[in-house]
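So the chains spell out like this:
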Amino acid sequence: MSAPATTQAPKSGRVLPPPVMGQEVVLIAVIAALWILLTIFTPAFLSAGSIQQLLWRLAPIGIMAVGMTMIIVTAGIDISVAAILMVCSVVMAKLIAEGGWGFWTAVPVAILIGGLLGSFNGVLIAYGRVPAMIITFGTANIFQYIGLKVFNSQTVNGLPASRDVLGPGAGGRTFGVSHAFMIMLVLVVLAGFYLRHFPGGRHFYAIGGNSGAAALAGVNVRRRIFITYVITGLLVGLAASVTIAGGTSTLDQNVGKGQELATIAAVVIGGTSVLGGRGSVLGAVLGALLVQTVSTGVTQLGWPSQLSNLFVGIFIIIAVGADLIREHRRRSHA
Amino acid sequence: MSARIAPTTKPPTPSTSAEAGDGQQGFGSRLVQTLLTNRVALLVILLVVVVALLMGLDQAGYLSAAYSPDYMSAALINLVPLAMLALAEMVVIISGGGGIDLSLGSIVSLVGMGFGFMYGIWGWPLALSIVLAVVAGALLGAVNGVLIARFGFPPLIATLATYYGYWSLALVSNNQKPISSPPIQDLYGLSKAVEIPLIGQQLPLLPKGIVIFLLPTVVIVGLLLAKMTYGRRLYAIGTNDVAGAWSGVDVVRTRAMSYVISGAIAGLVAVVNVSQFASARPDAGTSGNGMALPAITIAVLGGVAVTGGAGRTSGVVLATLLVVWLNAGILLAFSGNTGSQVELLALGLILVGSALLNTFTARKYSGAR
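Protein chains in written order, with our numbering: chain A, 586 to 919; chain B, 96 to 464.
Quick caveat, the hints were computed from the structure, so don't treat them as lab data. Hints should not be assumed to be uniformly reliable.
Derived, one-sided and incomplete: chain B residues facing chain A with beta-carbon distance under 8 Å [stated by the list, open to error]:
#1 L242
#2 F246
#3 P249
#4 L251
#5 V267
#6 L388
All figures in this text were calculated on a predicted structure; none of them were measured in a lab. Note that beta-carbon positions come from the ideal geometry of N, C-alpha and C, so glycine has one too.
Just chain A, same shape as in the assembly (with noise of 0.2 Å):
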């Protein structure tokens, strides 16, 4: 419907929206905008280090946002991931400090994890049939304990510095770009191309608009559901191998805090519907970008930092307002 006539009209029937929507093309100016003003502002700001970091900092809310994108499109909602994120950071953060192991062999046991708690909200609200939200919000509290009791009261010391690879440093980047950003850039390429071009992909926006109706058009709800919540899972022991990556040699259990409602900004600045049915990962990785723009800014231009996150309610009232408003005109002229 919003879709204008092209050149020419897909015969098949089937209709997709244009790759760039509204959203983001809103996104892409307001965050052309504020690099414009920023540069002009801060001198700082748009030298390769400043850049080189913001890109980093991306990479973790960006992999999670990447899941998050999935869950939302299906009208769930994952409160646990920064739990998840925990849970994963400290038993990989034991496994190098204290177990000897490797970096890149802890890191699978990580994505595993991820995994597997992400199974257990995902076999508790697709088969329990519970609201997401609430199950999340308790298993949240589960996973917890379960990291507090990893860490064992104390924080984890004596991480190695054999994880520059993925870290912000020089050790982590290739022709200057850092890899934990590659990483969050092919997988938001793969899962952008799979939600709009696979029918496995479809079926989460068929779920999301209308579950009964995709489950008579024979999609499988439950499965598809579970699925949802066991990426999420899988890339949050990614995120959490960035974040260990990038953090000093001691890790303490403030991690995480406050990841779960970050990402779901993102995704929602980049805008996704809560209600499910409507959303893209290009939009979540842009509302991320936008978040760390604002963050990164409020900081170079002197601003108390925890200012940063009055911006970031502000941009997400903006951001879903502008996306209200086209929904609403859309609508009165349909």
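Position chain B against the provided structure of chain A, taking the given hints into account.
Below, chain B alone, put in the same frame as chain A:
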């Protein structure tokens, strides 16, 4: 729809199995049904079991201190803010449309700082400061209400945004420093435990906050929901806002008002929090897991359906009591950090369990009451 195919004037029977004849239905299954559909009955029994269990552990010598009435009464100081915020969450969840308020903890932080300035630094009268704190909470809640009810923001998103915004403002307001000037420190008197007059000699000391803050809130929210027009409208739009609108309810206003009410309660909780810790802290409602998540947990445990339109004051208060006394026992049963960790585990298991129970009840008996 069911009204069309069932033209009977008889009141609806609780379930289809009851129609099969009361004689065939055993006492056991009727008991199970009562417990599952009547959340208050279930909570009372759970409460008795938990307290009995903990007292038993105490007798057997497993606890590090006596789980006595005195201890239980002292633990009630934690009941005050928790129960009030759970009631606030209940009101917005009942309003339906995915109602939830993530910003409550941030409102507590921000209003607490405002109260700290008014009473602790500018030296305004206490009563005026408390009233203004409640008004400020209501205004912050009104922002949520307008965004959600008037402009159609999903509640999760709107309150996520204000959670970030208010949190940030609270931190910036006094440069991240708490306010604990002498008037604020003296406020501890508002929360300390006192003897109940007339009958108090034999009874344990009761935290004052129960009477000053919690009781009025419970009574007002209870009456508002159960006895007043506003409450009936709220349940109506929470169950089905289209039907509510067609029967003449101003959906926008009623729903927005629920966020104003929850904000006002959070404003009062800010005062409770400042007095309890004798300090206005900028991260009072957001440190750790924050205050909103436990409040939502307790509301759900108390039988509030996240789909809206169902939930009772008594259930929420009982659920808070259960959590507070259970936590108090856990702190005695596990030493040091383990205690607070087990609290997390218990809260998580309770929440998952009660959500599964709610779903099961809804499917088997079409909903808890």
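Minimum beta-carbon distance criterion (8 Å), F246/B to chain A: 7 Å, holds
Proposed interface contact between L242/B and chain A, which counts if any beta carbon pair is under 8 Å: The hint holds - L242/B has a Cβ within 8 Å of chain A, the shortest such distance being about 7 Å.
Hint check, L388/B versus chain A [nearest Cβ-Cβ separation less than 8 Å]: Cβ of L388/B sits 6 Å from chain A, so the hint holds.
Hint validity - L251/B Cβ closer than 8 Å to any chain A Cβ: 6 Å, holds
Cut-off 8 Å, beta-carbon criterion: hint that V267/B touches chain A: At about 5 Å, which falls below the 8 Å cut-off, the nearest Cβ of chain A leaves the hint on V267/B intact, so it holds.
Hint validity - P249/B Cβ closer than 8 Å to any chain A Cβ: Where the cut-off is 8 Å and the nearest Cβ of chain A is about 5 Å from P249/B, the hint holds.
Violation of the numbered hints given earlier is absent; every hint is satisfied by the structure.
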